[in-house]
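Asks: For reference, the chains in residue letters:
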Amino acid sequence: MSLVPSGVHERSPFGSADRRGSLRQRLRFVDWMMLGLVVTLVGLSAYFASASPYFLRVENLLNIGAHGAIRGIVAIGLTIVMVAGGLDLTITAVMCAVGMVTAELIITGTPEWLAAVIGLATGGAMGAANGLLVTKGRIQPVVATLSTMSIMRGVAFIIERDRARGVSLQLDQFSFLARDRFAGSMPTPLIWWLLACGIGFFILRYTVLGQYVYAIGGNSDACRVSGVRVDLWRFLTYVLSGLASGFAGLMLLSLTNTAYSQAAMGAELDIMAAVILGGVGLGGGRGGVVGTMLGTLILGVLNNGMTLTSTPLYWQYIARGAILVVSVGLDTLRKGGGYR
Amino acid sequence: MTLSMDRNTAGPQPALEMRGISKAFGHVQALDNVDFEVHAGELLALVGDNGAGKSTLVKILSGVYRADRGDIYVDGARVQIECPSDATKAGIATVYQDLNLVPNRDVASNIYLGLEPTRGMILLNRAKMFADAEAVLGTLGIKLPSVKVDVADLSGGQRQAVAIGRALARGGRFILMDEPTASLGVEQTQLVNELTVDLRAQGHSVVFITHNLAHVFDIADRIVVLRHGRRVGVRARGETTREEIVCLITGAIRGDVDQTCHGQAVP
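Protein chains in written order, with the numbering used here: chain A, 1 to 340; chain B, 341 to 607.
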């Protein structure tokens with residue numbers, strides 16, 4: 001396996017190329033976590049396909065994709081933050097606030113595209129606020145984003161004021177983001193989701209930001225003494241997460257035609273569950289877009305299949321929790337407690 | 341005798357020089373008006389008891405700490421070192437005692453951490469990074485299974501080799517090593533010492549901190565002794581004995597400090 005041919009320069013313990021380790025080395029290239037996720041997804045799908053005649057219909061599969069899309073896009077942003085060792089609890093509060101701002105702008109006569117751009121910028125700004133609190137303010141990510149989450153919900157309440165049912169749009173307004181279908185049948189949310197996954201994958205795999213996101217999540221002190229501007233890159237991950245959540249908020253507004261202050265409340269934990277299921281650890285440094293996508297799909301299939309088979313809601317909760325704890329538990333066991 | 345050669349202009353100008361460096365952490369005076377010189381292409385051992393200020397001195401040079409007082413000169417020109425990238429610009433690279441590597445990343449990523457080759461502003465040039473990393477390790481004859489292996493899968497000696505590779509990749513003229521062998525076994529320590537000598541052979545100036553006087557007398561050209569934050573002795577290897585160095589470290593004999601530090605004796 002060694003790259004340098006043995007010769008004069010050979011130094012034995014460096015150079016023995018770990019004969020004993022080489023099998024382990026090779027096994028590392030098999031990504032057990034990813035394999036487990038795919039097996040789980042296929043297994044669940046097979047089970048629901050046999051249990052319900054509707055499950056495998058194209059319309060239903062597209063439905064799973066369309067419903068997973070909003071969460072899936074938010075999950076991509078959260079993945080980047082969490083791989084860098086951070087945490088963002090504001091994801092759904094940002095969705096909600098961005099929806100409120102955009103809806104308010106549209107009903108007061110702002111062109112839809114402009115309202116959408118302003119809404120997206122609002123999401124980015126909220127992410128930037130989180131980033132500043134975590135990096136410059138030196139506040140723990142959990143605490144910082146818990147606080148801003150509460151503030152954002154409060155602001156959404158102010159915009160909602162005394163409108164009991166939130167801010168409603170006309171039926172024909174703002175449908176291009178999520179309600180229209182692409183090429184006649186493809187749900188647009190699915191397209192956005194695939195696009196977001198592509199962007200996330202590209203960022204993590206091919207850019208300097210991606211390189212630093214993993215390195216900072218692995219050992220931020222090492223990065224600091226090596227001259228990496230840790231705060232700057234961390235800040236950027238929160239901005240990206242704000243943008244992803246903001247875009248998801250626009251999609252939710254387009255899908256439901258309504259913005260209200262309780263929108264998507266509590267879904268942040270489901271999204272985090274999908275991300276963790278996909279292999280992102282709370283400590284950072286591992287996981288990625290493909291895993292997160294699989295995690296989102298597994299929870300989506302579980303939801304959809306259990307609804308089709310009329311499984312009671314409480315079983316859905318229990319099944320979701322069980323899958324999460326078993327998958328993370330198996331992963332920890334396999335690694336023998338992790339390498340750090 | 342050695343001292344007078346260092347202090348005056350009799351010898352060549354030091355390639356790297358610190359003058360009057362002081363650093364306090366709260367009430368603890370870690371460094372007190374310390375002078376320190378490194379000549380081109382020499383292997384300098386920095387020794388002293390725990391808490392003598394060795395690591396603090398190295399961390400000031402590498403930009404991790406900022407000195408309260410004192411100046412740093414490279415080739416006689418004053419340089420400001422306020423952060424790690426300033427140190428890199430000044431040609432100073434550091435190998436840390438606590439193995440400051442990123443375990444979840446591959447060897448090449450660790451070697452080029454903070455200096456990644458890019459395409460344009462945002463794209464990482466991974467192919468170049470892998471090739472360069474192999475070249476860097478190749479110059480020292482360091483052989484690893486692959487530069488694509490995660491550092492978590494390497495042995496302690498291999499990891500320290502990666503850390504030395506990182507210092508080399510920075511193109512540093514000065515390589516500082518803060519107890520590079522502290523966490524290694526006997527054989528791997530031997531190999532890291534060989535690498536250290538190789539670095540000098542390739543024209544780098546190396547400063548290494550160690551507690552192992554056997555290593556010092558094996559490989560060092562000069563020895564600087566710190567005690568209680570002061571420099572108490574500078575000796576050429578051939579002109580001193582292990583006993584003298586031990587006495588300087590422990591304070592059993594009075595060092596040269598009274599000639600260099602306001603005539604105060606060491607406690």
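Think of the hints as simulated: they come from the structure by calculation, not from any bench.
The beta carbon of each residue, even a glycine, is placed where N, CA and C say it ideally should be.
Mixed in with the good hints, there may be bad ones.
Said to hold, decoys possible - Part of the chain A face toward chain B, derived, beta carbon under 8 Å:
(1) ALA215
(2) VAL228
(3) LEU232
To be verified - Below, simulated SDA-like cross-link-like pairs (lysine to any residue); rule was C-alpha separation at most 25 Å, straight line:
(4) A:LYS136 / B:LYS488
(5) B:LYS468 / A:ARG205
(6) B:LYS429 / B:GLY391
(7) B:LYS429 / B:MET461
Asks: For a quick check of understanding: which of the numbered hints are violated here, in increasing order?
Replies: 3, 4, 6
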